[in-house]
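Engineer: The whole structure should be built from the sequences, with the hints applied where relevant.
So you can see what is in the structure, the chains are spelled out below.
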Amino acid sequence: MPDTALYAPATTQGASVVSRPDVTVTRAAPLARLAFRGDATAAGKAGAAFGASLPMAPLAANPVGQRAALWLGPDEWLLLAASGTVGEEVPWALARTLCDEIATAVGTHPHALVDVSERNVALIVSGPRAAALLNTQVFLDLDEGAFPVGQVTRTLFTKAEIVLWRTGPDTFVVECWRSFAPYVEGLLANG
Amino acid sequence: MLLISCPWCRVERPEIEFRYGGEAHIDRPAQPADLDDHQWAEFLYMRSNPKGLLAERWRHVHGCGRFFNAVRHTVSDRFVCVYKTGEKCPDLEALAREGAQ
Amino acid sequence: MTQQNRTSEGGRIDRGTPVTFTFDGKRYQGFAGDTLASALLANDVHLVGRSFKYHRPRGIVTAGSEEPNALVGVARSRAKHASGEATPNLRATQVEIHDGLAAESQNRWPSLAFDIGAVNDKLSPLFVAGFYYKTFMWPKRFWNRVYEPFIRAAAGLGKAPTKPDTDTYANTYAHCDVLVAGGGPAGLAAALAAARSGARVILADEQAEFGGSLLHERGAEIDGKPAADWVTDAIGELGDNPRVTLLSRTTVFGYFNQNFLALAERVTDHLAEPDPALPRERMWQVRAKEVVLATGAIERPLVFPENDRPGVMMAEAGRIYANRYGVVPGKAIAVATACDSAWRAAFDIAEAGDTIAVIADLRAEPPAALVERAEALGIRVEPSCAVTGVIGKTRVTRVLLGRMSDTGVVPAGEVEADCLLMSGGWTPNVSLHSQARGKLDWQPHMGAFLPGDPVQAQRSAGSCRGVDGLAEVLADGARAGVAAATAAGHTGEAPVFTATGGDAGSGWWLGAVPHDRDASRVRAFVDFQNDVTAKDVKLAVREGMHSIEHIKRYTTTGMATDQGRLSNMNALSIASGALGNEIPQVGLTTFRQPYTPVTFGTLATTSRGDLFDPLRKTPIHDWAAEQGAAFEDVGLWKRAWYFPRGGEDMHDAVARECRTVRESVGLFDATTLGKIEIVGPDAAEFLNRIYTNPWTKLGVGKLRYGLMLNEAGFIMDDGVVGRLADDRFHVTTTTGGAPRVLAHMEDYLQTEWSDLNVWLTSTTEQWAVIAVQGPKAREAIAPLVDDIDLSGDAFPHMSLREGHVMGGVPCRLFRMSFTGEAGYEINVPPSRARAVWEAVWANVEKLGGCAYGTEAMHVLRAEKGYIIVGQETDGTVTPDDVGMSWAIGKKKPDFVGKRSLARPDLVAEGRKQMVGLLTKDGKTLLEEGAQVTVERSPARGTSALGHVTSSYQSPAAGRPIALAMIAGGRDRIGETLHVPMPNGGIAVEVVQPVFVDPEGSRLNA
Amino acid sequence: MTRFSFWELARKALNAHQDWGHQWRKPDPKPEYDVVIIGAGGHGLATAYYLAKEHGVTNVAVLEKGWLGGGNTGRNTTIVRSNYLWEESEGLYDHAMDLWQDLSQELNYNVMYSARGVMMLAHTVHDVQVFKRHVHANRLAGVQNEWLSAEEAKAYCPPLNIEKNIRYPVMGAALQRKAGVARHDAVAWGYARGADKYGVDIIQNCAVTGIRRHADGSVSGVETSRGFIGAKKVGVVAAGHTSVVMDMAGVRMPLESNPLQALVSEPVKPCFPCVVMSNTVHAYLSQSDKGELVIGAGTDQYVSYSQTGGLQITTHTVDAICELFPMFRRMRMLRNWGGIVDVTPDRSPIIGKTPVPGLFVNCGWGTGGFKATPGSGHVFAHTIARDEPHPINAPFTLDRFRTGRLIDEAAAAAVAH
Ligand SMILES: Cc1cc2nc3c(=O)[nH]c(=O)nc-3n(C[C@H](O)[C@H](O)[C@H](O)COP(=O)(O)OP(=O)(O)OC[C@H]3O[C@@H](n4cnc5c(N)ncnc54)[C@H](O)[C@@H]3O)c2cc1C
Ligand SMILES: NC(=O)c1ccc[n+]([C@@H]2O[C@H](COP(=O)([O-])OP(=O)(O)OC[C@H]3O[C@@H](n4cnc5c(N)ncnc54)[C@H](O)[C@@H]3O)[C@@H](O)[C@H]2O)c1
Ligand SMILES: Cc1cc2nc3c(=O)[nH]c(=O)nc-3n(C[C@H](O)[C@H](O)[C@H](O)COP(=O)(O)O)c2cc1C
Ligand SMILES: [Zn+2]
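Taken in order, these protein sequences are the chains called A, B, C and D. According to the numbering used here, the stretch in the first sequence is residues 1 to 191, in order. According to the numbering used here, the stretch in the second sequence is residues 1 to 101, in order. According to the numbering used here, the stretch in the third sequence is residues 1 to 1005, in order. According to the numbering used here, the stretch in the fourth sequence is residues 1 to 417, in order.
Just so you know, nobody snuck in bad clues.
Within a straight-line C-alpha distance of at most 27 Å, the following computed DSS-like cross-link-like pairs (lysine-lysine) qualify:
no. : chain 1 : residue 1 : chain 2 : residue 2
1   : C       : Lys-140   : D       : Lys-53
2   : C       : Lys-617   : D       : Lys-164
3   : C       : Lys-140   : D       : Lys-197
4   : D       : Lys-164   : D       : Lys-154
5   : D       : Lys-269   : C       : Lys-122
6   : D       : Lys-197   : D       : Lys-30
7   : C       : Lys-891   : C       : Lys-697
8   : D       : Lys-154   : C       : Lys-80
Hints were generated in silico from the structure; no laboratory data involved.
Structural biologist: See the structure below:
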């Protein structure tokens, strides 16, 4: 079972974007986010240091406790980590520590690691109508058979790029760049 | 809207996730300085633009971000195959003969 | 409120729920379940509109979406009509009535019954096909002033809305195993079969109710139940299946590549008081593994003189009105046909107790069973009999008959009738099959084109592929449904349905019906809406229009809002006769999407206003807005343009901002700059290849300005690049160029230099950028910086440090300048950017500084002669053109664009070069884009030497300054040139393009 | 041949229009022609017309694989304007603009040239700079073009939404008043009739399948679906199919063929007075004399010869139209189609000689060649007849891609059409 505990709803004002009986959209609290690039060897070492191995299968996610590694491309992963403490501050220190630990573990094997904690924000879309709401703007088959729990992909949300991760049968996480969030939220609120 | 299968993600996705990259297998010369103006113009601008099978580049820009190549028929817009960047161009004439049968 | 044509019982309308609506301002009553057409007919209103060209009175011809004539403007209420919110050109046959609905007839003035435009009908001998190509050419100036306005006013149909639409529209992307288009017996059977096989099914029908022809099939039975009951059960079964999506009022309007289909669902127009949360319409964009087309067949009119008069309608439509809506469209009804099905319309109506005046059949020997039954019902039957015309302008009063023989047609008397039902047989509805690029096969024995082999994962079923008979159609649908489900990976067996009744039978007619009338005087219409007659088609052929595509365009047949659904086959047949060519050789015109017209709002879906495009704001945006900043659009971003204070206009504000930066300090939001982090052991090598500059030797902690070319050698982007570590660079790009630059880099990296170990990550939104520029910049930031030595020696111009501000906020501090002043760019996390900004702002304010916007930034950099990509450059400019040869790594063997720079024209003499311009009078501000010439008042057609790229009032120079691209410009420094303007040339001196601090001493201050 | 006029129309009406003859013949191909033109679009037919009329070259055939005017000429949004940026383009398009003024009279065929004005909207500071540069350049060249404030733009085109609170507010517009639209089919038909009158053979349903050459490399004729046809000179004017035809002569071209879509609404009473183009929101719009809103959509990104395109191109265009003209949201799309446009790297055409002696090419008009039809035919006829370019088309060589002397309208303004 994928872990959704990684994403905690934000408690700030306006964090609830949509609140209907059959679907809710909520802003998620900040996370440490790292973009990791490299080959399988690098990924292997990075995974060991990170605490969640980097999946090699396309569109796969590997959540482990407060960590998750998401496959975004054959040499690209998005690493997510929560600090474990409740708060609305971006965990820079955690990001920094993770960067250092992973960099040390991978060593001189060619790779790239970039802190993108602040670049992305996340929305949690949940409820029996979650897939239907997303399908107003996302052209993917979100039937559970076609897009099972655990699948993650970058895709388009009409004119915004997002990362879409199904964390449960009725729960999705939408990651997007910070300045696109009002657009994504606006369309979800209207949908 | 085309349905394109990404050889990296191994899924079919709608065209809006992809960006077209023009004709494939037009490799940038290793030593551009050695080319005369004609040859350089050939590399820069001349394209086969065929009515039929075309090996072309696509990038799964809103997906895995990777480039790959595809063979597509430019009249039916049907994809014949996709393959990863760096792999050899299939024999288009053979594919055309197969398609005709 | 009489509804005098309403039957006493029967039909699917809800007689317990009367509905009041207006037509042309008059109140009428119908019942829930009525369409506007059925309700008007119930009130014996046939005349509903005027035709396009001749303004002929027109009535209701069909009962479906193929209606060519009964087009009306519709609004929720009369008030909305009056305020310009009505939708024009809706088919009365598709509009469902609700209380308050207001419909208006179109293309008539002053009234429907008396229309001035009808003089066109009198002039019809002149207004034949293509007449306008032959006249209106003299006197020449009359075209734009007289003729064209006249033609424009006469044409068009309804009136476009004049008020912004307040309704909303929605979108849904969907996937399914089997999409079934059409919910008649074939479609229902297919959907049942597919759904029972376990497939994910979408069933769509454009009508309000599923059932198609079964909704008016009196007497037919399926599985021992009346057909309508079977439909209810079938829909019940499908509705209970969670893998089935039922979409009524939903038109499958487009069939695109790879089984991508577009559907338009009408959600609220039929409701009197819809939930405001609901959209008016919804577009469904569906990717289907398999498609079943079960779109039925469309009855074909007969082409005889005056066949367009109100009261003349399709036989099946008559049957639909009678059986489904409980409306008999006349008191005495004549039937003209060549097909069995019209006889059944006559029987159903007669059995309901109404008068059938005659059945005239073009065939010599209609089936005996039909004749017998007609006689049993007391109906007069005339075989070998053509209708040769009708009497009555705004309503049929009498029908003219003619006896057909080998020698021609002889008059056979008249029949009193206020309604004429006609049928030329059935045209299989192959639109979607054709849209899917499937070929059509001509079936001479049926007089019809049937779908040929499908090109996509698609199959047709039922009467759209010529299958007749209810049992056969159901079996065909079931077969198609199972086949589709199987192809989509499911297994099942085709259900077997037993059925009786409900076939079209045999018989058909194509093309003009022979008559005995004066051919030069009467007109038989092929395309009703566009007023195309059989004679027009023949004229086109006579004039050399031998392709059916030419005939279409010359006569406009098939180009009306019904896209020739009724007319194309008749037009084709007449053309084939005139050409002496077989029908399949002549061929049909192309079927295109949409199947029926689709609302723009539906196509636009949710894109609107702030959600039309993503609207990107920086973390500082709200602060700027609170300060009263004006914003400009750059790409998707909003950028603060200038910050007017107390009554300042833009000019004053910008001047103040510029002065302040040069005198003390200014604060600028540079967050929108693109940022890319380039990491990996080969990072420097990658930059060497992508930028013109050399990078290998750039030290860690150093910045360098980078120039990027496209492969053609022209400047594409620029920005400052910082080295964070041996293998890590922080690259900046222009705001608008960010996505393009990243794509350009990825392209080379992945497809040309995949051997390089380097990766690119966009960090545009990882960092907010606060630029602090001016002599007091250091003072402004120093109190906030935790752990970076800001002294000039420790942190010189063009260097970079990582550290913290404000007690622990991570930061990348750049010492750089785009203003010519000493300055910094503080990169901080966006989540804290506003706090940092406000803290810096507090210091800046204390120091007498200000916030400045993009306009001041432009002025400041122009004073220094720094280029803006896209302003000084336009995609045709090389580094040397803008005096930046210094940015080219001379020793590098190659970089993107290098080879192109050696092309003959790029090294030619006389290229445009960037220079400065000063107006001789020291006062006049040049206009950006103004041309520069040698002469003061050049003759028209003189070549320009170049143009002004940037021009500002420079507070620092105390005069206007300009940058320009001028042919051979650098050699012209010192020369006087001219900028010709409408009110005279402006003399300018060519100068070096640097107006402030040419030595750059202020940078290091 | 019968002259078209109101009186002729009235006279023929007396006999129920039975006496009109064909507008062009249906000749069989002769064994050889002085000039064979490949492609009976507007440009090919105009070339033949001017060859015959101005250069006395009448032994000419125009070969068309389908029906004349059925290519892009028959499927374009009919915008005619000449306010281009570069001197070379100004020369070319304004030459056409001059010819448009009297084209109906010249051809004795009403091509309905409607000088209702073409307005290009500026939505950003950058747009303003670009369009003002055009206005200044055009004024110097004597090409009509003027700058309007947002309010002036609204006065010229009342449906325009110039409120400041919309996503991309209108900051002003460039207006060319004598620009406008023309009836696309009539242009092809008028030139066909005119060329036919001079004895040009227009041969439809005749696809060129090969180009034959003499031993010295020069052209000797063309293989067609109706057999070999000899020719001293061959002009290729095949628009979207140029690469395919030039390939028959072994010449590679700097072209890509893309689907370009357009759509029309249902017809309505006059509600839109001029042509409006907006590059920032990607839409352009006019209303035809019949009443439809004629809307140009974009090109699909990939090479295709399919004459159809993706729905996303259409929806993107329509959302832009709705944003600019919110009252049109309730209007309905009646028909949506595509053409195949051949696009050059610098978005300017290629008109002139080729490396093959006797073979000439006129192509690369991309998304905007309808407006040039008369001028293009005129200078191309000159080029073929004289074996050297007219000064106006001299810069539009194939060789410019070698030298780098591009005429890049797209880079300068990113405006199509
Ligand atoms: C949707 C759309 C909108 C447009 N809007 C505008 C606009 O608003 N304004 C504007 O100025 N321009 C516009 N254009 C561009 C314009 O239509 C074209 O540039 C112009 O019509 C080209 O004319 P042509 O005569 O060269 O080509 P075409 O009319 O395409 O003629 C070429 C002919 O060559 C024939 N042919 C091809 N191969 C062969 C062969 N092997 N043998 C024989 N014949 C062959 C073709 O069948 C075709 O008939 C638009 C184009 C499209 C598609
Ligand atoms: N008068 C007659 O007797 C007569 C004539 C022809 C056929 N028939 C009989 O009628 C039956 C035909 O059944 P069928 O199922 O083939 O056709 P049908 O006409 O019953 O059903 C077709 C359905 O498709 C819908 N439709 C068409 N195009 C559509 C689109 N693009 N999007 C959404 N919906 C669309 C129509 O609204 C209709 O409900 C058979 O029983 C046949 O024998 C009878
Ligand atoms: C300016 C213009 C106006 C048009 N108006 C109509 C119209 O009113 N009705 C119509 O059905 N088609 C109209 N069309 C489209 C043509 O029917 C047709 O789709 C187009 O010429 C392309 O041909 P094709 O669809 O046969 O491939 C118009 C086309 C153009 C270029
Ligand atoms: Zn992919």
